[in-house]
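First to last, the protein sequences are chains A, B and C. 579 is the number of the first residue of the first sequence in the working numbering; add one for each residue after it. 532 is the number of the first residue of the second sequence in the working numbering; add one for each residue after it. 9 is the number of the first residue of the third sequence in the working numbering; add one for each residue after it.
Since the hints were made in silico from the structure, they are not lab data. The reader is advised that the hints may include incorrect statements.
Said to hold, decoys possible - Reference listing, derived: stretches of chain C covered by chain B, where coverage requires no fewer than 3 residues with Cβ under 8 Å from a Cβ of chain B:
1. 49-57
2. 79-93
3. 108-119
4. 158-169
5. 172-184
6. 217-231
What the hints assert, rightly or not - SDA-like mimics (lysine to any residue), calculated; alpha carbons at most 25 Å apart, straight line:
7. 643/B / 61/C
8. 651/B / 176/C
9. 651/B / 217/C
10. 217/C / 649/A
11. 728/B / 60/C
12. 62/C / 716/B
13. 643/B / 60/C
14. 603/A / 57/C
15. 62/C / 644/B
16. 651/B / 57/C
17. 643/B / 37/C
18. 132/C / 221/C
19. 62/C / 640/B
20. 655/B / 57/C
21. 716/B / 182/C
22. 131/C / 608/A
23. 62/C / 699/B
24. 62/C / 695/B
25. 62/C / 706/B
26. 603/A / 217/C
27. 728/B / 576/B
28. 603/A / 221/C
29. 645/A / 900/B
30. 217/C / 765/A
31. 217/C / 761/A
32. 645/A / 674/B
33. 716/B / 94/C
34. 237/C / 760/A
Stated by the list, open to error - Partial list, computed: chain C residues near chain A (C-beta under 10 Å):
35. 73
36. 142
37. 149
38. 152
39. 263
40. 301
Quantities reported herein were computed from a predicted structural model and do not represent experimental measurements. Cβ atoms here follow ideal geometry from the backbone N, Cα and C, with glycine treated the same way.
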Amino acid sequence: MTATVDPEVAADPLPPRRRSRAWAKFRRNPSAILGGAIVVFFLVVAILAPLLPVPGPAETDWSAVRKPPTAAHPFGTDEIGRDVLSRMIWGAQASLLAGVVSVLIAVALGVPLGMIAGYMRGWTDAVISRFTEALLAAPFLILAIALAAFLGPSLTNAMIAIGLSAMPIFVRLSRAQTLSVMTEDYVESARAVGIGHVGLIWRYILPNIFPPIIVQGTLTIATAIIAEASLSFLGLGQQPPAPSWGAMLNTAKNFLEQAPWMALYPGIAIFLVVLGFNLLGDGLRDALDPRDT
Amino acid sequence: MRITKTLGLAALLAMTAGLAHAQDLRIGLQEDPDVLDPDQSRTFVGRIVYASLCDKLVDITPDLEIIPMLATGWEWSDDGTELTMSLREGVTFHDGEPFNAAAVAANIDRSKNLDVSRRKSEVKSIESWEVVDDYTIRFTLSAPDATLMAQFADRAGMMLSPKATEAAGADFGLNPVCAGPFVFKERVQQDRIVLEKFADYYRADEINFDSVTFLPIPDTTVRLANLRAGDLHMLERLAATDLASAEADDGLNVERATSLGYQGITINIANGPRADNPIGQSAAVRRALSLSIDRNALNQVVFEGAFAPGNQPYAPTSPWYNTAFPVPERDIDAAKALLAEAGHADGITVEVQVANNPVQTQVMQVIQAMAAEAGITVELAAKEFATLLADQSAGEFVASQIGWSGRVDPDGNIHQFMTANGGLNDADYSNPDMDKALNEARLSNDPAVRKQSYDAAIALQQEDMPIIYLYHPVWIWALDEKVAGFTPYPDGMIRLHGVSVSE
Amino acid sequence: MLAFLGRRILIAIPTVFLISVFVFTLQHLLPGDPILVMAGEERDPEIIAALREKYRMNDPITVQYLAWAGNALQGDLGISLRTQQPVLELIAEKLPVTIQLAVMALIIAILIGIPAGVLSAYKKGTWIDWLANIIALSGLSVPNFWLGIMLILLVSVRLGWLPASGYLPLSEDPLQSIRVMVMPAFVLGTALAATLMRHTRSAMLSVLKSDYVRTARAKGLREGVVLVKHALRNALVPVVTVITLLFGELLAGAVLTEQIFTIPGFGKLVVDAVFNRDYAVVQGIVLCTGIAFIAMNILADAAYRVLNPRMSDQ
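Just chain A, same shape as in the assembly (with noise of 0.2 Å):
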């Protein structure tokens, strides 16, 4: 273990050491291969969904409804007679869009802004923060209403509504962290060398911005799966008859006692799916923390 960064060490240009290095840790770390394993098998499956042998996610058979797992349906038929696993498969590419497009439309917006805020302080912090807070003051059904009426009801649609809603919680951990990292000693003799804005955002802000976001990102990656559950249910995510793990869920709330396997399959899809990009996350994590080697 090496000390913390000190300026001189770290007024090198260190990126492209840095990248391998981590690549070196992350690799030496079992459980975030495991969950980078997790993560490429649902992407995989996701994307491979129209070549797989299974019967199409809107197909129905009236005399097999709510049918546990047999040989022809090894996940057990829905609540009109539809195979649920290849529902299952079809659902993941809705399900793991909504994830990841949501974070990724709320890491674009929140942390450059957080930064900014913390960064520049004064008023261009006030303004920041006041937005965020009316932001979150806003209920999310009402944002997500209110943009489903202007954009019209579809998947995409409910990404952006859930990304804008995801997104002040990032605004407000870049721009804690931000303020932080400005206290260090090291900001202050880097700042004292006369490193410029730019060059102090990217050596020593980005990197420690990073660990919060990544854990908090990959968090709600996974309320975001679970959000499209709750914006399909109000008709503002998938449209049916197109599957979702989330609407899957949601149906099948009202048939837990007669067809359990229709809310266990999608639920341990979510379970497995927010495990990997935990672990992963973690592994990330890990190996991008400037005071570790």
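With chain A fixed as given, assemble chains B and C onto it according to the hints.
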């Protein structure tokens, strides 16, 4: 002696229940009622509360016959424009005010003239009224109105204390004062409505509870769990898919009645530019869609066979059902032939809007799969109800899956939807023959004469099909096995007279 | 510190204004017509016209907003379109319910999340770390409604230990009130516990590697003292941010939990109000949560100052 005076079936029930007197009856509702003012409210669950709170001029039997309640008798003039009612004596409102002809007059006046009264259209035909004596009132109608008695059996016939309505005005609903078996005690929005027994109720011997509490519990699974855990005595609208498990439960009883309402698909025929498409312009295409639907399979898949498949505004068990048009079997070939006849042999696409609740979405997904086999591609647009309703009345729809809660009088299920100027005719359907048949049906008080008019109207509906009827919901109540004396009614109400709980 | 608080409260005023304009506009842009829903199944045009007149729906939106804002400044938030109850009364009725639920959930979340996070960071890479992670993640990835219904079926119906749903004011019967609220608070708390645990773990890992922890250890302080007094105290900065954000989320986001356990709180009120387009109720609630959010944010910033005095010169 008091006992000899009140001996009767009701008294017997009261006595047996009295041995183990249930303090409080707890009923689970599917929704939270809106404002508790019969002249302003609009929800079904609100009416369930009124059944214990506000007595009406007349009531119905489970067979939909009109029977006396606060009015003991009534007589029509020969031309059907004068209705004379004699009223029950010795009835008081919850605030001690006497019930008499003047009170009825004040109530009708309020239903007609309160600026935000939702009852205006129901009592529109009443032109004037005259207090003949303390317990007799005479209504003069602008034209014969066969539907009026049925209106008096619902919210328009609920009697509110004139003193209270005068004092509270439009805020009456915050503290309603009626003449029913229970007195309003408190309400916590979305949590509970508590009513207490009215000691001076004129049929107090039939009421076996000190209080009744209505608890809105929207989730069907949770509502049933509450009943099973003993936190409720009964609940309304058990999910059809829970029926089998509730029936198998020794601790529960299940009661049911086919409702007066229906669910269907309304097609935009002439309401704005969105009507300009194959299904809006061609009755043959609409009939093709109807034929592509297997109504029995739909009922089996979504409701486990518990509901009633239908193809008319009245359920097949109703006396108003036109038996010349039985519920059609699914016929894909005929549907395809009709499409070809209309010049759409390659199939068509129809956008159907549907309320985004799980059950209605499920219904439409089943229909979507069925229609696809006949070459009709159904695209679903799930909307929340407020949006769906606004879009529908503005003509912003091609087809809309929507239902109607149903009325006691047959007029209520069809007139407003099918007449050219009907307030609920969102399809903008217009057929002079239909208007004639439905307007004539209002004029006679003779069921046989009215039946002829409705049969003719149904025949036209089957041809033009502005609404494709799908099924009639069945009210399902689940009760703790200790609850006795409950009678199911097709209006879905819970009447507590004679209901008791043994311990 | 006092000057800081004063300045923040002053700044909060335009924020509240911003929120109210924002929500008012947004609401009136929503599709769906509240009057149409209120008019009832019959949708009588005469009634629709009368209702529009009564609730001033025909006025331009700016006039409507000014009328609302004028009344709000005098403490009158209007009445619910659906039940005609005054909005202020509704809020006063619902707020204690949701606060009780939120506080209990937060306590459960903190009791589980922070110790689990500290332990798992301290024992990083061992089976304890793994177990804590898996449990936390299950809490996060199991949807509220699923866990809620399963608990009702198991604890209330099968075992008969706790009431299935409902609410009892704390003032009426404290013990029973807490009993009724335990299950919903647990359901709501588990997801938050996961978030807290993950953030605590992450912050602790960073802090445990820092100079002052190593210095403290070098000084020969007991491990428990190092963990709690030195490490945890510093790790709490991001954790406090998360808690304040979660508290806001709790207030607005107890929706599903309240729906499942039929708790007559804020979340249920706002959902019903949005679906019924009950403008005045939505507006009142948003104003209220908005003020609560801002208060939480001010408290959070004050907490940073206490935890990290170096940030004080802003």
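Check each numbered hint against the structure and report the violated ones by number, ascending. 3, 6, 8, 9, 10, 11, 12, 14, 17, 32 and 35
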